[in-house]
Amino acid sequence: MFEVNRKLIHIVGFCVPFSYFFLSRQVLIPICGVICFCSIVIEVTRFHSPRFNTFLFRIIGQFTRDREQQGITGATYYFIAAFVSIVCFSRLVAIAGMFFLVMGDSAAAVVGTRFGTHAVGEKSLEGSLACLTVCSVIGGILLGWTGLLGAVIATLIELAPLPVDDNLRIPLLSGFIMHIVS
44 MFEVNRKLIH IVGFCVPFSY FFLSRQVLIP ICGVICFCSI VIEVTRFHSP
94 RFNTFLFRII GQFTRDREQQ GITGATYYFI AAFVSIVCFS RLVAIAGMFF
144 LVMGDSAAAV VGTRFGTHAV GEKSLEGSLA CLTVCSVIGG ILLGWTGLLG
194 AVIATLIELA PLPVDDNLRI PLLSGFIMHI VS
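So in this note's numbering, the last one in the sequence shown is 225, and the numbering has no gaps at all.
Calculated from the structure, these hints are not laboratory results.
For each residue, glycine too, the CB sits at the ideal point set by N, CA and C.
One or more of the hints may lead you astray.
[What the hints assert, rightly or not] With a cut-off of at most 25 Å between alpha-carbon atoms, the simulated SDA-like pairs for lysine to any residue come out as follows:
no., residue 1, residue 2
1, 166, 192
2, 166, 208
3, 166, 219
4, 166, 104
5, 166, 114
6, 166, 106
7, 166, 203
8, 166, 191
9, 166, 205
10, 166, 153
11, 166, 156
12, 166, 176
[Stated by the list, open to error] Just the calculated beta-carbon pair ranges, DEER-fashion:
no., residue 1, residue 2, range
13, 90, 225, 46 to 52 Å
14, 130, 95, 28 to 34 Å
15, 207, 130, 24 to 30 Å
16, 77, 158, 37 to 43 Å
Given only the sequences and the hints, what does the whole structure look like? Please build it.
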């Protein structure tokens, strides 16, 4: 249930790519830049103030993993990835990469937790297929074949046991591949 609750926070992350449909890059870059900057300031502050860290995790602890209490939170990684995506990629590539994380990774967690019976490392085949399905729909609608390739890349990234946080690597790596191909 914890992982499902945690993925509900990803829905809040839905606001960034969704708003990019309606706001220009020139408007969204400063907004995301300020959010990213504030997130980094909060991270630095909590690393230097155990009292602040304890206070903060009383509030957000139910949505974070244990390792995030001593490391950078997934939210900060996400805001960094969103900012970099908007700065570096075309509008639809940035939107697709962010939606791959927000919707695809969430689908993987929910389906994998509820229905996952075939383990693939620490993940499940069922969760990965859910991720691929959701990302394929998003990618196909937004970018056609390029988006479908991005969906496969996002799913492989979600599945891979890499040390870098999914919130950073899914939007940036899938976005980079789609950017190169498009």
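How the hints compare with the structure:
no.: 1; hint: 166 <-> 192; result: holds, 21 Å
no.: 2; hint: 166 <-> 208; result: holds, 15 Å
no.: 3; hint: 166 <-> 219; result: holds, 24 Å
no.: 4; hint: 166 <-> 104; result: holds, 23 Å
no.: 5; hint: 166 <-> 114; result: holds, 22 Å
no.: 6; hint: 166 <-> 106; result: holds, 19 Å
no.: 7; hint: 166 <-> 203; result: holds, 9 Å
no.: 8; hint: 166 <-> 191; result: holds, 21 Å
no.: 9; hint: 166 <-> 205; result: holds, 12 Å
no.: 10; hint: 166 <-> 153; result: holds, 11 Å
no.: 11; hint: 166 <-> 156; result: holds, 9 Å
no.: 12; hint: 166 <-> 176; result: holds, 16 Å
no.: 13; hint: 90 <-> 225: 46 to 52 Å; result: violated, 38 Å
no.: 14; hint: 130 <-> 95: 28 to 34 Å; result: holds, 29 Å
no.: 15; hint: 207 <-> 130: 24 to 30 Å; result: violated, 19 Å
no.: 16; hint: 77 <-> 158: 37 to 43 Å; result: holds, 40 Å
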